[in-house]
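J.: Okay, here's what each chain looks like letter by letter:
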Amino acid sequence: MRIALKKILRSPKVIVGEILALALLCVIGASLPQAGSATDAELARLNNAGPVVADLIKAFSLDHVFRSGWFCAATLLATASLWVVTLEQFRRLRLAWKQRHEPSQFRSAPFQMEFERPAQLAQAEPLLKLWTENRAGVAGSALLHLGLLFVICAGTLRALFSAQAVADLVEGETLPPTATGWSAQWPGLIAGPIRFASPVRLDRVDVNFYETGDLRELKVNLAVSSNGVERQEQVAVNRDLRLSGGRMYVGSDVGPAALLEWEQAGLAPAREAVLLADKGQRRYEGVSSGANGMRAHLRTQVDTAGNQPSVLEVRVMKGNALILTTVARAGDILQLPNGEKLSLRGMPFWARLRGGRDSSLWLAYSGFAFIMAGAVLIFAVIRVDGCVVITPLGDRERVFVALKPQRLVPLFQERFQRLVRQHGGPETVVAMISAPEPARVEDQREPHSCGDNCRGCVRRALTGPCPESRASGVALGIILLLGLVGVTGCGPSAAGEARSLVQRYNSIVAEAYRRGDVKLIDPVVGPKEGKKIAGLIGVRLDLGLTLDSHLLSLEISSVDRRPDEWRVRTREQWRYRDLRIGTGEQVGEESLDSYEMLYVFKKSDEDQAWLVDEIQFISEPIIGRKTPTWAGERAPLRGHAGDKTGEPRS
Amino acid sequence: MSNFTLEASLHWAAVVLYMGGAVAFAYALLFARPEKTRGAMWVTAAGLLPHSAALAVRYFAVGHGPYMLKYEVLSSNTWIAVVMLLVFIWRKPSWAPLALVALPGAILMMGFGLFTNPEARSLPPSLRSMWLVFHVLFNKLAVGAFLLSVAAAVVLLRKLNGGSGHWLDKLPGAEVVEAYTVRFLGFGFIFWTTTIGAGAIWANQSWGRYWGWDPIETWSLVTWLAMAVLLHARIFFRIKARATAWGTVACFVLSVLTVLIFPFVFPSMHSAYFQ
Chain D
1339 MRIALKKILR SPKVIVGEIL ALALLCVIGA SLPQAGSATD AELARLNNAG
1389 PVVADLIKAF SLDHVFRSGW FCAATLLATA SLWVVTLEQF RRLRLAWKQR
1439 HEPSQFRSAP FQMEFERPAQ LAQAEPLLKL WTENRAGVAG SALLHLGLLF
1489 VICAGTLRAL FSAQAVADLV EGETLPPTAT GWSAQWPGLI AGPIRFASPV
1539 RLDRVDVNFY ETGDLRELKV NLAVSSNGVE RQEQVAVNRD LRLSGGRMYV
1589 GSDVGPAALL EWEQAGLAPA REAVLLADKG QRRYEGVSSG ANGMRAHLRT
1639 QVDTAGNQPS VLEVRVMKGN ALILTTVARA GDILQLPNGE KLSLRGMPFW
1689 ARLRGGRDSS LWLAYSGFAF IMAGAVLIFA VIRVDGCVVI TPLGDRERVF
1739 VALKPQRLVP LFQERFQRLV RQHGGPETVV AMISAPEPAR VEDQREPHSC
1789 GDNCRGCVRR ALTGPCPESR ASGVALGIIL LLGLVGVTGC GPSAAGEARS
1839 LVQRYNSIVA EAYRRGDVKL IDPVVGPKEG KKIAGLIGVR LDLGLTLDSH
1889 LLSLEISSVD RRPDEWRVRT REQWRYRDLR IGTGEQVGEE SLDSYEMLYV
1939 FKKSDEDQAW LVDEIQFISE PIIGRKTPTW AGERAPLRGH AGDKTGEPRS
Chain S
10 MSNFTLEASL HWAAVVLYMG GAVAFAYALL FARPEKTRGA MWVTAAGLLP
60 HSAALAVRYF AVGHGPYMLK YEVLSSNTWI AVVMLLVFIW RKPSWAPLAL
110 VALPGAILMM GFGLFTNPEA RSLPPSLRSM WLVFHVLFNK LAVGAFLLSV
160 AAAVVLLRKL NGGSGHWLDK LPGAEVVEAY TVRFLGFGFI FWTTTIGAGA
210 IWANQSWGRY WGWDPIETWS LVTWLAMAVL LHARIFFRIK ARATAWGTVA
260 CFVLSVLTVL IFPFVFPSMH SAYFQ
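Chains as they are written, first to last, in the working numbering: chain D, 1339 to 1988; chain S, 10 to 284.
Any given hint could be a false lead.
Claimed, not checked - Each computed SDA-like pair below joins lysine to any residue, with the alpha-carbon atoms no more than 20 Å apart:
| # | chain 1 | residue 1 | chain 2 | residue 2 |
| --- | --- | --- | --- | --- |
| 1 | D | K1557 | S | W216 |
| 2 | D | K1617 | S | P133 |
| 3 | D | K1557 | S | R137 |
| 4 | S | K79 | D | P1901 |
Unchecked claim - Label pairs and their computed distance ranges (CB to CB):
| # | chain 1 | residue 1 | chain 2 | residue 2 | range |
| --- | --- | --- | --- | --- | --- |
| 5 | S | I270 | D | K1617 | 24 to 34 Å |
| 6 | S | R218 | D | D1541 | 25 to 35 Å |
| 7 | D | W1524 | S | V96 | 27 to 37 Å |
What the hints assert, rightly or not - If the Cβ cut is set under 7 Å, some of the chain S residues that face chain D in the computed set are:
| # | residue |
| --- | --- |
| 8 | A54 |
| 9 | L64 |
| 10 | S215 |
| 11 | V238 |
Calculated from the structure, these hints are not laboratory results.
The model shown is predicted, which means the values in this text are computed figures rather than measured ones.
Glycine residues also receive a C-beta, built at the ideal position from the N, C-alpha and C atoms.
Start from the sequences, fold in the hints, and give me the full structure.
T.: Structure, rendered in structure tokens:
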């Protein structure tokens, strides 16, 4: 039973099948959005691709291939084969290493020649010379497979015992030596959480930027206490810190934090450190929620030298109404309606510290080293056995020259020719000399590390399957693999993508009108349309108004998709109302409008994102509201929903 | 003259010289003038001078190695491929016909790169690592080795299909060409393995894990597995030379897709670095 199982596991068909199965699963996993790494929207799009697709995804765990039973089973089977093969290879390696050659063994050599030459030896006895070069080459395959085993074992140990954690700390804050001190932990299946032996205080964040706004450098200065003694340490991107209990490192998550205090009559002040998130171009934004449904939208800019920002843009909203917009400095107290107050206490930096513990890392790295060493030995260090026998025959000598490379035999033809010439043989050896029939079969098959006397090799060679059918099978496999790549690489439908583009644009621009915040539209609008919207928001702010708009329905009529431009026609229904800044009271009547629109999207030069370049009405808009709220509405407005504020074009 | 104008002029000078080299190789081999092969090599080697200068100008202008943009990556890949080709032909002059396939391939790669956006991008701090240098360098070496192996595979297929001509006859027999095809693929396998290994160590340093099933990581594993299938099939099933050649072409295509195409198709951590 055990022998039969071993036989199956080391069968070439099974091994190649296992590799193909793993490759296929990897292709699927790499081509389809996977839970854990893909966004929710991508996963939803995959699951909404149709009932058949959804069934397939569910049945075969296609949205979490690398954690599926299929993948585990394929990996387990491949590991079992790898184990059996590696043991076998090391056994053969031991034999091949010790093997002492006899001249008779060279009868099967792929290169051999016998010729006569005038006597040159001073002795009457036959001369025998046997040698082996690059003996280490035979260890290549065994080492490579051992390395693979190491890596798989390391991966398994990592899944079981490793742990990852993150903590966002503000300058001056301390990470306690407890598991709960971290913001989040991801321990392995049977691993405990990360807990450093000493408290770590974040003293200072050193950060600076390129002129383009990209992060140039990030260093985090820490104070680590142990046994009552405090020592200064530093972690930076790609420079970790080893501590008792794991290692600490940083990515590139950093930014200023706004230390806020909400005060409400009769209640204790609520303090919050709002970690402002990077929005590109050294701009950082965040939101803080206060009492009575109020929330403060915060924004600041950091200079290229990475100094702490001195001012903070604050927009306080209550529901959809803008209550207050101002620029605050550390120490400022903002008065809000109903006697509420919002204080800005300071703006230190925050940084995300990451903790990791993986005690099997050495095993993985050893595995990588073995794999690389094995690959080098297989292809660059080829074992070659040589034999020269010179037999005196009076005034002549019979010379037998043979060369037996372990693999890539034809490459040694020139070498053999030189060897023959060195021993007085003919100048030109026309072709590789064939060995006697049974052994030749083995030699042409590129013997593996067993050397060339392995009975298994001979048996498989003699009884092996038809090479042509196998070759076409492999070719078919590769073609199928590539075909699958083509199929699974297809993107979502044009209408679906157009809908998401239009929805994203509308939700961002609607929020910009609501908050009276022009900067929000930067990620979705090109310069031409941007200027128009900025002007309209500005005019409203001057009048002390904001626009609260809601998209009620959206229908994509057509999509004209070109490489650098998308033209999307839509039918939309909107509800609008104007709100007074400060009180949030509605000004004028509400309006229910219907439009047919044409959106022209163009790619941004900077990051190749689709931006709205222009918006047109393609038919007369149907406007619900009869009375204009403000004089500016008499002008023809076009573009974003917020432009369509109740007045038909004149 | 601005840095970019200088760099572009040098790049195009290199393209012109490489094209001259390719034409000279074609003339020498197709019109049976073997003595001209040496000249063709010199013309091609002369192309390396402006090409090296262009890469140096780029390095000093942007302050980092060629691994941020298609423009930089393809240009440096071409440089490595041409150097590898010339070194091989210099060591084995009878293999000059390989240049007929490999050199146009390299010129196409460079031409494609030169028509992409050359605007320099800032180097994020995560890319400042010695392991990244190894990761990128060995990837370029792998691409060079794959280009040579696919060139040998094309020559092999030509021979197996009964093609004849002075330049084909100059080459050794099909069995030797096949062995070289496998050897180049083997070197590609070594370099690809090292690329994955160095990338894994760098990923652990930067992102806290050496393997995360990121789509490009996974595709690089698929390429590696495809090579493993081909090499195992050759050993176990004694596949014919024709199948080996087609398998080599498939592995090359897969490696090109992994390095140059898939980062733009599948959302990946690598996409951000290679626009």
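J.: Each hint: holds or not?
T.: Going through the hints against the structure:
1. K1557(D) x W216(S): Given pair K1557(D), W216(S) holds - Cα atoms ~16 Å apart, limit 20 Å.
2. K1617(D) x P133(S): 16 Å, holds
3. K1557(D) x R137(S): Cα-Cα ~13 Å, so holds.
4. K79(S) x P1901(D): 19 Å, holds
5. I270(S) x K1617(D): 24 to 34 Å: At 30 Å between Cβs, range holds.
6. R218(S) x D1541(D): 25 to 35 Å: 28 Å, holds
7. W1524(D) x V96(S): 27 to 37 Å: Cβ of W1524(D) to Cβ of V96(S): about 48 Å, so the range 27 to 37 Å is violated.
8. A54: 25 Å, violated
9. L64: Violated: closest Cβ of chain D sits about 22 Å from L64(S), beyond 7 Å.
10. S215: 6 Å, holds
11. V238: 5 Å, holds
In terms of the numbered hints stated before, the structure departs from hints 7, 8 and 9, listed from lowest to highest.
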